[in-house]
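Participant: Keeping their order, the protein sequence lines are chains A and P. Adding 95 to a residue's 1-based position in the first sequence gives its number in the working numbering. Adding 39 to a residue's 1-based position in the second sequence gives its number in the working numbering.
Among the hints, erroneous ones may be present.
[Unchecked claim] Once the Cα atoms are required to be at most 25 Å apart in a straight line, the calculated BS3-like pairs of lysine-lysine come out as:
#1 A:220 - A:276
#2 P:48 - A:235
#3 A:221 - A:276
#4 P:420 - A:123
[Stated by the list, open to error] To be clear about the criterion: a stretch of chain P counts as covered by chain A if any three or more of its residues have a C-beta under 8 Å from a C-beta of chain A, and this derived list gives those stretches:
#5 234 to 246
#6 414 to 424
Hints were generated in silico from the structure; no laboratory data involved. All residues carry an ideal CB built from backbone N, CA and C; glycine is no exception.
Chain residues, written in single-letter form:
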Amino acid sequence: MNQNNVIIQLENVVKDYRIGSGYFRALKDFSISFGHGEFAGFIGPSGSGKTTALNIIGSLDQPSSGTCLVLGENISTISHRQAANLRNHQIGFIFQTYNLLPVYTVYENVEFPLLLLGLSDTGRKKMITEALEMVGLTDKIDSRPAQLSGGQAQRVAIARAIVKKPALILADEPTANLDVKNSHNILELMVKLNRELGSTFVFSTHDPKVISYLQRIIRLEDGRIVSDQPQKQEL
Amino acid sequence: MLIFRLAFKNIIGAGLRTWLSVLVLSFSYITIIFTQGMYRGMSQQITSAMIATELGDGQYWNSAYDPDELFDLDKANGVLPAEFDPAINSGQAVPILFYPGSIYPQGRLRPVIIKGIPDRQQVLAIPAQFLVVEDPEIVKAVIGERMANSCKLAQGDLVTLRWRDSDGTFDAVDVEIAHIMKTIVPAADQGILWLNLHQLQTMTGLDQSATMIVISPELTRRPDLPGWDFKSVYYLTEEIRAMVKMKSSGAMILYFVLIGLALIAIFDSQVLSIFHRRREMGTMMALGMTRLRLILLFTLEGAMHGVLAMLLAFIYGTPLLIWSIRSGIALPAISSRWGIALSDHLFPHYTIGLIVFTILLVMILVTVVSYLPLRRISRLKPTDALRGKLS
């Protein structure tokens with residue numbers, strides 16, 4: 096991988112969680128990098144460290160030791176405010192449980208990250224319309240999350256993640272609550288967005304449907320990377 | 040501005056839970072303003088009635104006069120200072136002579152304070168014109184309605200009055216009740232027999248003497264007079280202020296109960312919010328919101344209960360308060376026996392200061408109560424919040 100192309104670099108990252116009087120080591124000597132526009136994913140059984148790795152890359156958590164550089168920011172030393180700023184400007188999240196804000200409409204949910212960015216009304220409206228068009232939900236802008244199906248809710252979550260056109264999109268088990276048809280639709284959409292936006296997509300999953308779409312598969316076991324290889328894509 | 044928008048959306052989105060707290064809080068606003076307005080109205084009403092009927096714009100007391108020493112009332116007088124003659128003659132001051140005595144309505148002894156007042160005076164709202172002496176053999180008296188009721192006296196009745204003159208000799212005369220006046224000031228009514236000053240001075244042998252000189256607002260000069268002490272209206276209404284303040288403080292219990300209920304509801308909402316909305320907080324943090332902004336957002340949500348309550352209170356409270364100002368609050372008939380100058384209707388007095396103070400008090404309390412449970416957010420980790428845990 097061309098070093099200039101690298102947007103995420105983890106070197107010898109260790110993450111310990113305190114459990115009672117002892118520690119649980121979730122990531123062990125974890126080193127990996129991701130380039131611009133990749134469509135990659137951590138796979139592995141529960142407790143293998145997938146979500147922990149994703150949280151550290153997403154600046155939601157900090158490593159216990161080691162270096163983690165994301166889009167030029169050192170996550171190991173970053174302040175809470177800088178991390179919030181990084182997430183606000185550069186990172187989009189897609190969660191397993193969609194995590195839509197319940198009292199907001201579809202439009203307002205997608206608008207939320209743009210409000211934090213302080214964009215003007217006109218600028219926001221254009222970007223929200225564009226994002227909702229991409230996920231095919233322009234007819235649901237006034238609906239509330241409770242009125243949406245699982246597939247629609249995840250599309251809203253995707254629209255919210257892509258609306259600010261971030262350099263990095265992190266998806267934690269994005270299809271875990273979706274049926275087969277909706278899962279494929281969502282994954283097709285993500286592949287399309289990856290091509291159109293050029294954003295890097297990093298997944299955490301053990302869903303074979305998601306794995307089949309990944310261009311790069313990083314297999315984790317017990318907090319270590321056991322394999323990291325590209326996947327042949329069917330044309 | 041963003042935080043305001045978000046807080047407003049969240050609080051409105053919370054539905055019934057919000058409106059219940061807002062309703063109780065709006066009751067607090069109205070109750071505090073209404074009750075305090077009543078006390079202020081009461082104070083104002085009593086004070087103006089006392090000024091009109093009893094206090095004038097201040098009084099000069101003879102140095103021997105002590106309102107708590109009624110046994111020495113016969114000695115509590117002095118010759119009127121010559122400096123006051125012009126003011127008395129021009130109607131800017133009125134001398135009053137107090138003297139102890141007793142009457143015998145229906146054959147029963149009733150101690151009274153005889154007050155002598157010039158029949159032409161216009162400083163006090165005492166109908167002294169009924170005391171004009173047409174026949175020196177007839178002594179006319181004016182009494183108040185309460186006194187007339189308790190002694191069962193009517194206009195035109197004769198009642199025996201007994202007193203000791205300045206030499207200590209008992210004397211008596213039948214006085215005619217020339218007029219029964221309606222007044223809300225007990226000090227001008229209960230146990231008081233108003234006579235013509237000149238007649239009382241003659242009866243007691245205290246020519247040119249008075250116990251006090253009540254002055255009108257037109258008399259701006261308040262000279263120091265040897266043997267006479269000036270008492271301002273502020274001094275003379277001290278007890279009324281203390282009484283209203285005491286009653287007003289007692290009402291605090293009611294406020295605390297009402298505000299307390301609303302604050303508990305808001306505190307509960309905030310505590311529940313933190314537990315129910317942990318994922319939401321985690322999501323907001325993942326989307327780039329800082330902990331500080333999150334605390335601000337949730338505090339503002341709580342504080343907005345106060346703002347919505349204020350608006351609600353404004354909607355239904357304004358007509359209520361206007362009605363109370365115009366119509367007054369009817370007092371029970373028994374209130375005339377309370378010993379304070381209250382008419383049959385109490386007119387509340389609301390001021391901008393009272394309203395602003397109430398709004399500030401409620402808003403500060405609501406904001407503090409909203410903030411207290413949110414301190415935990417300052418330690419909240421986004422990863423824990425997203426998993427529905429509290430750090």
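Participant: Each hint should be assessed against the structure and marked as holding or not.
Facilitator: Here's how the hints hold up against the structure:
{"no.": "1", "hint": "A:220 - A:276", "result": "violated, 30 Å"}
{"no.": "2", "hint": "P:48 - A:235", "result": "holds, 19 Å"}
{"no.": "3", "hint": "A:221 - A:276", "result": "violated, 30 Å"}
{"no.": "4", "hint": "P:420 - A:123", "result": "holds, 22 Å"}
{"no.": "5", "hint": "234 to 246", "result": "violated (count 0)"}
{"no.": "6", "hint": "414 to 424", "result": "holds (count 3)"}
When held up to the earlier numbered hints, the structure conflicts with 1, 3, 5 and fits the remainder.
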